[in-house]
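Chemist: So you can see what is in the structure, the chains are spelled out below.
There are 2 protein chains.
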Amino acid sequence: MFTANGDYSLLEGNYLFYEIGKRAREYQAANPDSDIIRMGIGDVTRPLVPAVIDAMHRAVDEMGSEKTFHGYGPDFGYDFLREAILRRDYTARGAGISVDEIFISDGAKCDVGNIQELFSRDCIVGIMDPVYPVYLDTNVMGGRSGRFSPKRNGYERIVYLPATESNGFVPDLPKERVDVLYLCYPNNPTGMTLSHSQLRVFVDWANETGALLLYDSAYESYITDENVPHSIFEIEGAQTCAIEFRSMSKTAGFTGTRCAYTVVPKALVRLDSFGNKVSLYDMWARRVSTKFNGVSYITQVGAAAAYNEGYEQIKDVVAYYMENARIIREGMESAGYTCFGGINAPYVWIKVPHGDSWRFFDELLKERNIIGTPGAGFGASGEGYFRMTAFASRENTLSAMKRMEK
Amino acid sequence: MFTANGDYSLLEGNYLFYEIGKRAREYQAANPDSDIIRMGIGDVTRPLVPAVIDAMHRAVDEMGSEKTFHGYGPDFGYDFLREAILRRDYTARGAGISVDEIFISDGAKCDVGNIQELFSRDCIVGIMDPVYPVYLDTNVMGGRSGRFSPKRNGYERIVYLPATESNGFVPDLPKERVDVLYLCYPNNPTGMTLSHSQLRVFVDWANETGALLLYDSAYESYITDENVPHSIFEIEGAQTCAIEFRSMSKTAGFTGTRCAYTVVPKALVRLDSFGNKVSLYDMWARRVSTKFNGVSYITQVGAAAAYNEGYEQIKDVVAYYMENARIIREGMESAGYTCFGGINAPYVWIKVPHGDSWRFFDELLKERNIIGTPGAGFGASGEGYFRMTAFASRENTLSAMKRMEK
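Just so you know, the sequences run in chain order A and B.
With this note's numbering, letter number 174 in the first sequence gets 165, and the count goes up by one each step, no holes.
With this note's numbering, letter number 166 in the second sequence gets 157, and the count goes up by one each step, no holes.
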């Protein structure tokens, strides 16, 4: 008789965006004339840039002709895209990654979620708190979390590393055993970053303890500060302890077009649960070639255009959003709030004066018709904060801040 | 200290297409003037049809304008595509599936590979032999196979169900415990099919034993015989025991464009390893929304065009390949071989007179400059057979059969 994987039943419902949507719909129904401005979900709103559009039209035409048609592509991505990424994102920054260590995928969420298949089930997982919920949920589904403890407000076997005002939103090194540590910088939701020296502390710790770092830098293109690393591979020693996730979603507006990539260094060699010496690169390559069939050719051509002839164009879009972030941060500060983030990330992390982030959500919705995201939705240490995103239109961003003035 | 998942080290190398490529390259290098015809890998060669191309151009334009831009799509796919699929593939065949039971994805290989996350680790997995290798490999990586036994020429905990000439390429019902059974019809590699009554035997068995059926019908659009079911949901009772996988890859030439779908009925309710009553629909929905971010909007618009204004055009392409299949089958029969498949599938399964499929591969390569696939690569019971695919051009297919005449 078939038996289902019980680990799924250990998941706590993640009702964050569902609950936000429900409250917004109820308010809108009761107040049909209200003009709600949405600064909650992290989805982009600017169109794809002209160079990407032109390239994708050409690629569509190629698919329509027998001579230029593309069937199955290489499992790990076309070299024309991998080489463009290598040049812009690694070689230019002195990060010595090779082109075959770059795996093209249809989304960082997928890769971030699938990477845990490479961990043994008894690995102890550490996550920042607050943070993007996929790291936690996929390890619950993979049997590494233990049960949820209401008393602890967390899972028994997960190590939570608070990132709050008291430590500058940079977690302290774990005091207990952690075998796998997820880091997300520029951080979602806090919008805060690590300096080179702060990141080096984690790399050195991982190499000393034999831990694996999962470095999610999906927002790296929003970094404006010279002292903030874009890639963990800018840090010496990272190639023996880190995997990095990147996305075109926020870099080039690809949330609905789907392209990302993951860097797995060949130097990542560890023991497996049988005591075999194994290459995580080989394991990931095997995972990808067994359970994935590559990214749409049309999408990859578009992504390459974003790195090549469209590079200045995508930089302009990022600058547009970062001007929104400045407007939000300054607007909220003028309105009397303490703000974090928004300088190297499209997220502004606002301190809630009374400390209750869901109450603040309701107040903003009802009094100003603005939707943001309650920090409690990102983890226990997110309570007391509120996230606003810079991805709305300029007009809506300005209107929202005007409403905050009152 | 990080420890890697040891289950990956239980994988036997799947060197089938690697080995084919290597032997072909070596022969080509030694014989630079030889004109090799490739009928090995199952990749399509005809371009996307005009209706799909037109639709994708329109979608690309939408992505370039602020007013019509699409960011994150619905996790389970756009309703415009799900509804088109429902109408053509289910409602028209009397299969009572609802639109929200259809999950759009970027590939059947991904879904077929990921579905095993829903099984407990102690489920006993049954697979047809020979068969597409992803069913087996993903269960090895998921810890359900036990070790490979050279003596048995198979994994200790996997139940292999031979599908050979002696049973008409339809496996007998398992005699031992099987909790999950993968069925692939029209079959890759044999090209053979099940009738309604043959499929009903499996559905009844699954409902009696509580097993789960994974039905891969990626090649259903190649069915020409009225008595062959396209979907397992044409069979009464399938909704309480089956999940179905479909693909646009062979139906509409999307191998490089990436779109597929999986049907998980809401009636699929089982116990999990903790004894909770769980819905496999809810579990799959949670899996998809946690580890996937939807398919490219442009791709989904193209896929919907294939189901709507392009439907006759994609049928013409399928007919083109099926004419190739006829040419191969008749050509090989004229040359004295016993053939199976090729009537309801783009694969012709040829009996190797001397029984050694790799020797036959070498003979065909060297004597006729034709590449096919040795049956042994699809499982122990594939030995003695050889697969030829109908996806080459008409010209190459005709040339290959001319070479067989000599």
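A couple of the hints might just be wrong.
In the EDC-like style, the derived pairs of lysine to aspartate or glutamate whose C-alpha atoms are separated by at most 20 Å in a straight line are [to be verified]:
no.: 1; chain 1: A; residue 1: 13; chain 2: B; residue 2: 26
no.: 2; chain 1: B; residue 1: 58; chain 2: A; residue 2: 34
no.: 3; chain 1: A; residue 1: 58; chain 2: B; residue 2: 386
no.: 4; chain 1: B; residue 1: 58; chain 2: A; residue 2: 3
no.: 5; chain 1: B; residue 1: 58; chain 2: B; residue 2: 26
no.: 6; chain 1: B; residue 1: 268; chain 2: A; residue 2: 3
no.: 7; chain 1: B; residue 1: 397; chain 2: B; residue 2: 353
no.: 8; chain 1: A; residue 1: 58; chain 2: B; residue 2: 354
no.: 9; chain 1: B; residue 1: 397; chain 2: B; residue 2: 53
no.: 10; chain 1: A; residue 1: 306; chain 2: B; residue 2: 3
no.: 11; chain 1: A; residue 1: 357; chain 2: A; residue 2: 24
no.: 12; chain 1: B; residue 1: 393; chain 2: B; residue 2: 347
no.: 13; chain 1: B; residue 1: 13; chain 2: B; residue 2: 34
no.: 14; chain 1: B; residue 1: 58; chain 2: A; residue 2: 354
no.: 15; chain 1: B; residue 1: 58; chain 2: A; residue 2: 45
no.: 16; chain 1: B; residue 1: 58; chain 2: A; residue 2: 386
no.: 17; chain 1: B; residue 1: 306; chain 2: A; residue 2: 57
no.: 18; chain 1: B; residue 1: 257; chain 2: B; residue 2: 167
no.: 19; chain 1: A; residue 1: 268; chain 2: B; residue 2: 3
no.: 20; chain 1: B; residue 1: 13; chain 2: A; residue 2: 314
no.: 21; chain 1: A; residue 1: 58; chain 2: A; residue 2: 74
no.: 22; chain 1: A; residue 1: 58; chain 2: B; residue 2: 307
no.: 23; chain 1: A; residue 1: 58; chain 2: B; residue 2: 216
no.: 24; chain 1: A; residue 1: 58; chain 2: B; residue 2: 3
The hints are simulated quantities; they were obtained by calculation from the structure and are not laboratory data.
All figures in this text were calculated on a predicted structure; none of them were measured in a lab.
Chemist: Please go over all the hints and tell whether each is borne out by the structure.
Modeler: Structure-based check of each hint:
Taking the CA atoms of residue 13 of chain A and residue 26 of chain B, the gap is about 64 Å. The hint is violated against a cut of 20 Å. For the suggested pair residue 58 of chain B and residue 34 of chain A, the alpha carbons sit about 15 Å apart, so the restraint of at most 20 Å is met. Taking the CA atoms of residue 58 of chain A and residue 386 of chain B, the gap is near 14 Å; set against the 20 Å cutoff, the hint holds. A threshold of 20 Å between alpha carbons decides the hint, and for residue 58 of chain B with residue 3 of chain A the separation of about 37 Å lies outside it, so the pair is violated.
A C-alpha spacing of about 52 Å is found between residue 58 of chain B and residue 26 of chain B, which places the hinted pair above 20 Å, so the restraint is violated. Straight-line distance between C-alpha atoms of residue 268 of chain B and residue 3 of chain A comes to about 16 Å, which keeps the hinted pair within the 20 Å bound. A hinted pair counts as satisfied when its Cα atoms are at most 20 Å apart, and residue 397 of chain B with residue 353 of chain B qualifies at roughly 17 Å. A threshold of 20 Å between alpha carbons decides the hint, and for residue 58 of chain A with residue 354 of chain B the separation of about 30 Å lies outside it, so the pair is violated.
Between residue 397 of chain B and residue 53 of chain B the CA atoms are separated by roughly 55 Å; this puts the pair beyond 20 Å, and the hint is violated. The suggested pairing of residue 306 of chain A with residue 3 of chain B is violated, with an alpha-carbon distance near 46 Å, which exceeds 20 Å. Proposed proximity of residue 357 of chain A and residue 24 of chain A is supported: the alpha carbons are some 12 Å apart, at most 20 Å. For the proposed pair residue 393 of chain B and residue 347 of chain B, the alpha carbon gap of about 23 Å is over 20 Å, so the pair is violated.
For the proposed pair residue 13 of chain B and residue 34 of chain B, the alpha carbon gap of about 18 Å is at most 20 Å, so the pair holds. For the proposed pair residue 58 of chain B and residue 354 of chain A, the alpha carbon gap of about 30 Å is over 20 Å, so the pair is violated. Note on residue 58 of chain B and residue 45 of chain A: the hinted pairing holds, with a Cα-Cα distance of about 18 Å set against a maximum of 20 Å. Among the hinted pairs, residue 58 of chain B with residue 386 of chain A is consistent with the structure: their alpha-carbon atoms are about 14 Å apart, no more than 20 Å.
At most 20 Å may separate the alpha-carbon atoms for a hinted pair to count; residue 306 of chain B and residue 57 of chain A meet this at roughly 17 Å. Of the pairs offered as hints, the one joining residue 257 of chain B and residue 167 of chain B is violated, with about 28 Å between alpha carbons and a cut-off of 20 Å exceeded. Between residue 268 of chain A and residue 3 of chain B the alpha-carbon distance is near 16 Å, which keeps this suggested pair within the 20 Å criterion. Annotation: proposed proximity of residue 13 of chain B to residue 314 of chain A is violated, straight-line Cα distance about 54 Å (limit 20 Å).
A distance of roughly 24 Å separates the Cα atoms of residue 58 of chain A and residue 74 of chain A; the hinted pair therefore is violated under the 20 Å criterion. Taking the CA atoms of residue 58 of chain A and residue 307 of chain B, the gap is near 19 Å; set against the 20 Å cutoff, the hint holds. For the hint pairing residue 58 of chain A with residue 216 of chain B, the CA-to-CA distance comes to about 33 Å; that exceeds 20 Å, so the pair is violated. With a C-alpha separation of about 37 Å, the suggested pair residue 58 of chain A and residue 3 of chain B falls outside the 20 Å cut-off, and the hint is violated.
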